[in-house]
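*Asks:* Each chain, written out:
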Amino acid sequence: MTPPATSPDRLRPISAATPSTVSDATRAAPPLLQVRRLTRHFGGLIAVSDLDFDLQRSEILALIGPNGAGKSTTFNMIAGTLAPSAGEILLEGESVGTYPPHRLAALGVMRTFQHNCLFPGMSLRENVLTGMHGALQRPLWKVMLALRAQREAEARAWQYADELLEFVGLADQRDQPVATLSFGQGRLLETARALAGRPKLILFDEPAAGLTPSECERMALILRQIARQGTGVLLIEHDMPFLLPLADQVVVLNFGQCIARGTADEIRADPEVIEAYLGSRHGAADPAKNIPASTGSANVHPPSADSVDNRPAVASTVSGATSGAADA
Amino acid sequence: MRTLLLVTLSVLVLSAIGFALGPYQTDVYRKLLLWVALALSYNFLFGVAGQVAFSHFTFYGIGAYAMPILLFQAGLPLPVAVVVALVVVILVALAVAIPATRLDGFYLALATLALAQLFIVVLNEGGEVTGGTGGLTNYRLPDIAGVALSGPRYTVVIVLVVVFTWFALQRVDRSFFGRACRAVRDNPQAAAAVGIDIARTKVMAYVLTSALAAVAGMVYAFVDNTVNPPIFGLENTFLLLFMVIIGGSGSLPGAVIGAVLLYLLPFVLAPLIGHHHALVFGLVMVAAVLLQPRGLIGVIESLTARWKRR
Chain A
1 MTPPATSPDR LRPISAATPS TVSDATRAAP PLLQVRRLTR HFGGLIAVSD LDFDLQRSEI
61 LALIGPNGAG KSTTFNMIAG TLAPSAGEIL LEGESVGTYP PHRLAALGVM RTFQHNCLFP
121 GMSLRENVLT GMHGALQRPL WKVMLALRAQ REAEARAWQY ADELLEFVGL ADQRDQPVAT
181 LSFGQGRLLE TARALAGRPK LILFDEPAAG LTPSECERMA LILRQIARQG TGVLLIEHDM
241 PFLLPLADQV VVLNFGQCIA RGTADEIRAD PEVIEAYLGS RHGAADPAKN IPASTGSANV
301 HPPSADSVDN RPAVASTVSG ATSGAADA
Chain B
329 MRTLLLVTLS VLVLSAIGFA LGPYQTDVYR KLLLWVALAL SYNFLFGVAG QVAFSHFTFY
389 GIGAYAMPIL LFQAGLPLPV AVVVALVVVI LVALAVAIPA TRLDGFYLAL ATLALAQLFI
449 VVLNEGGEVT GGTGGLTNYR LPDIAGVALS GPRYTVVIVL VVVFTWFALQ RVDRSFFGRA
509 CRAVRDNPQA AAAVGIDIAR TKVMAYVLTS ALAAVAGMVY AFVDNTVNPP IFGLENTFLL
569 LFMVIIGGSG SLPGAVIGAV LLYLLPFVLA PLIGHHHALV FGLVMVAAVL LQPRGLIGVI
629 ESLTARWKRR
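Protein sequences, first through last, are from chains A and B.
Going by this note's numbering, the first sequence opens with residue 1, and the numbers climb by one from there.
Going by this note's numbering, the second sequence opens with residue 329, and the numbers climb by one from there.
Hints were generated in silico from the structure; no laboratory data involved.
Using N, Cα and C, we set each Cβ at its ideal position, and we do this for glycine too.
A portion of the hints provided could be inaccurate.
Per the computed footprint, the stretches of chain B lying under chain A, defined by three or more beta-carbons under 8 Å from a beta-carbon of chain A, are [as the list claims (entries may be wrong)]: (1) 448-457; (2) 520-531.
Calculated cross-link-like contacts (lysine to any residue; reagent style SDA-like; alpha-carbon spacing at most 20 Å) [to be verified]: (3) A:K200 with B:A539; (4) A:K142 with B:Q517; (5) A:K142 with B:L414; (6) B:K636 with A:K200; (7) A:K142 with A:A155; (8) B:K636 with B:L624; (9) A:K142 with B:V531; (10) A:K142 with B:L562; (11) A:K142 with B:K359; (12) A:K142 with B:L624; (13) A:K142 with B:F595; (14) B:K359 with B:F595; (15) A:K142 with B:F495; (16) A:K200 with B:V531; (17) B:K636 with A:P31; (18) A:K142 with B:Q498; (19) B:K359 with B:L562; (20) A:K142 with B:S478; (21) A:K142 with B:K636; (22) A:K200 with A:P31; (23) B:K359 with B:S478; (24) B:K636 with A:R103; (25) A:K200 with A:R103; (26) A:K142 with B:R502.
Construct the complete structure from the given sequences, taking the supplied hints into account.
*Replies:* Right, here's the structure in full:
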């Protein structure tokens, strides 16, 4: 059961979902996220070493690399579930490397999980409402006694939750329990829940993994829309045809080190990246075989030299699929 | 507005029942109301917040003992005694919860079990203050503004406590805090990711429900006008647990159903089969857990759902 075909009105901007787009004040402010000489050891193993990158507001940054490159370690350090061994993570100039996840969420860093992490006993709407925890928090005696203020705050929260469910295309099922959702719909619900926290920075752990092609297209549209509204997006992804047309900046890791950084085009052409992914330059017999038929391939496949090299083919499929979806 | 109407209506109805009863039924009715109040708050702690704690009756006991001790040994006026008792309860609850919630559920169970046992020891060995094994007796509630709160009038006080417990917990359950408690219970990792402070949520749930149990205990102190150690033993703690499980953990109406059923069951069965009622009790418990983990409220909900579909 896939969500209905994307229609433009379903992806209208959410009112006040995120801080407004760049103003004079924010232009002078430090970048949204700065990662400085970030390092993590596990005993003698160096999982991530001296990693540096910046992420601006409205930017989509993809963290890629072969298995074991340190993507997840980096992701977990930024999400607060793993403490860095050395180096710094700065959120709007504030050092947040040692903050636990709930504190980061309060500062506007929300995340999704690779294997959906939803609250099974709750309806879709309640799941989204948990994302607004920070905004709804107040002393318990007020909850018990200030009935009108409490009711109004809840009503506003419900309305916003419904808007977000509309945004990801799950509005029809908002009162259903989570158990009724497909995997892809669960991913969309997690996205809505993360957006409910009005994040400045949103972290996606392999957003396309396990999705059907049409769900992938939808996810790509949603990520673009989120970034357009001023939120920084950081994602780990294996699915190159999904992420290359999406990412403004790509950081390539291999054995815990950053081996390349730049736009998707620059990364595609980088010999070191191709080397890291393939080990050597062979097996490029039939380029057509390696280019996926559609952008939203559900397969988690290591990109071949051909799909990396064959830029026009990938780019055209992507733009075709995207505009097709938008027109539908 | 609707809430106010419901509160007033339920207070009136439950109080009216109190005025209609004879002395023996009044005693049963009052204790039933107190069991309902305890089941409601324990249901939130066990069912909604998912904390397996065995200290609920202990806080009921602390509240109950605090009243005669503070009023007649310390000589405090009633309002001051109530506030001091609440402060003591909150401090004890914090002292148990802060270290225990840092550990996993199993250790909370152990820590609270230890507290429950310790409390009984303190009561028995408390000398003059707690009255030892005989407990405290021969006291009565001082008149409030010249009015003696006795008979059905005191039943109204108990009704107010029960109704307050219900509506306070209902408000809390339907707020960010109820969702946070369920989130922490169901998936701590995801709860932290959406900004919920797990330790804080657990401690707050424990302190809130323990304080509500203590308030019920304060009221209980003047039901029998005597408090003694056996009332606050583990037997009643487990009865409370069974009430919540059989009624349907996580549901306020379920807690009420469980408390009413299990409290009244012996009164109905004892004349028929004598002490064998414990056997029936055990069978009901096993059947409830095996057949309907959501408890009687689960049975009722699925029946009404089927009925509505017709």
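*Asks:* Now tell me, hint by hint, if it's right for this structure.
*Replies:* Do the hints match the structure? See the list:
1. Coverage of the segment 448-457 of chain B by chain A is violated in this model, with 0 residues showing a Cβ closer than 8 Å to a Cβ of that chain against a need of three.
2. For the segment 520-531 of chain B, the proposed coverage by chain A is satisfied: 7 residues have a C-beta within less than 8 Å of a C-beta in that chain, meeting the threshold of three.
3. With a C-alpha separation of about 39 Å, the suggested pairing of A:K200 with B:A539 is violated against the 20 Å cut-off.
4. For the suggested pair A:K142 and B:Q517, the alpha carbons sit about 28 Å apart, so the restraint of at most 20 Å is broken.
5. Simply put, A:K142 and B:L414 have alpha-carbon atoms about 18 Å apart, close enough for the 20 Å limit, and the pair holds.
6. Using a Cα cut-off of 20 Å, the hinted pair B:K636 and A:K200 is violated, with the two alpha carbons roughly 45 Å apart.
7. Restraint check for A:K142 and A:A155: the C-alpha separation of about 16 Å stays at or below 20 Å, so the hint holds.
8. A hinted pair counts as satisfied when its Cα atoms are at most 20 Å apart, and B:K636 with B:L624 qualifies at roughly 18 Å.
9. Pair hint A:K142 plus B:V531 holds up; C-alpha atoms about 18 Å apart against a cutoff of 20 Å.
10. Of the pairs offered as hints, the one joining A:K142 and B:L562 is violated, with about 34 Å between alpha carbons and a cut-off of 20 Å exceeded.
11. Note on A:K142 and B:K359: the hinted pairing is violated, with a Cα-Cα distance of about 30 Å set against a maximum of 20 Å.
12. Straight-line distance between C-alpha atoms of A:K142 and B:L624 comes to about 32 Å, which puts the hinted pair past the 20 Å bound.
13. Proposed proximity of A:K142 and B:F595 is contradicted: the alpha carbons are some 41 Å apart, above 20 Å.
14. A C-alpha spacing of about 13 Å is found between B:K359 and B:F595, which places the hinted pair at or below 20 Å, so the restraint holds.
15. At roughly 13 Å between alpha-carbon atoms, A:K142 and B:F495 fall within 20 Å of each other, so this suggested pair holds.
16. Taken as a hint, the A:K200 and B:V531 pair is broken in the structure, with Cα atoms around 29 Å apart against an allowance of 20 Å.
17. At roughly 56 Å between alpha-carbon atoms, B:K636 and A:P31 are farther apart than 20 Å, so this suggested pair is violated.
18. The suggested pairing of A:K142 with B:Q498 holds, with an alpha-carbon distance near 13 Å, which does not exceed 20 Å.
19. Using a Cα cut-off of 20 Å, the hinted pair B:K359 and B:L562 holds, with the two alpha carbons roughly 18 Å apart.
20. Annotation: proposed proximity of A:K142 to B:S478 is violated, straight-line Cα distance about 33 Å (limit 20 Å).
21. In summary, the hint linking A:K142 to B:K636 is not supported, as the alpha carbons are separated by about 37 Å, beyond the 20 Å threshold.
22. For a cut-off of 20 Å, the pair hint linking A:K200 to A:P31 stands: about 11 Å separates their Cα positions.
23. Only pairs whose Cα atoms come within 20 Å are accepted, and B:K359 paired with B:S478 is accepted, the gap being roughly 15 Å.
24. Simply put, B:K636 and A:R103 have alpha-carbon atoms about 45 Å apart, too far for the 20 Å limit, and the pair is violated.
25. The hinted pair formed by A:K200 and A:R103 meets the criterion: a straight-line CA distance of about 14 Å does not exceed 20 Å.
26. Simply put, A:K142 and B:R502 have alpha-carbon atoms about 13 Å apart, close enough for the 20 Å limit, and the pair holds.
The earlier numbered hints that this structure contradicts are 1, 3, 4, 6, 10, 11, 12, 13, 16, 17, 20, 21 and 24.
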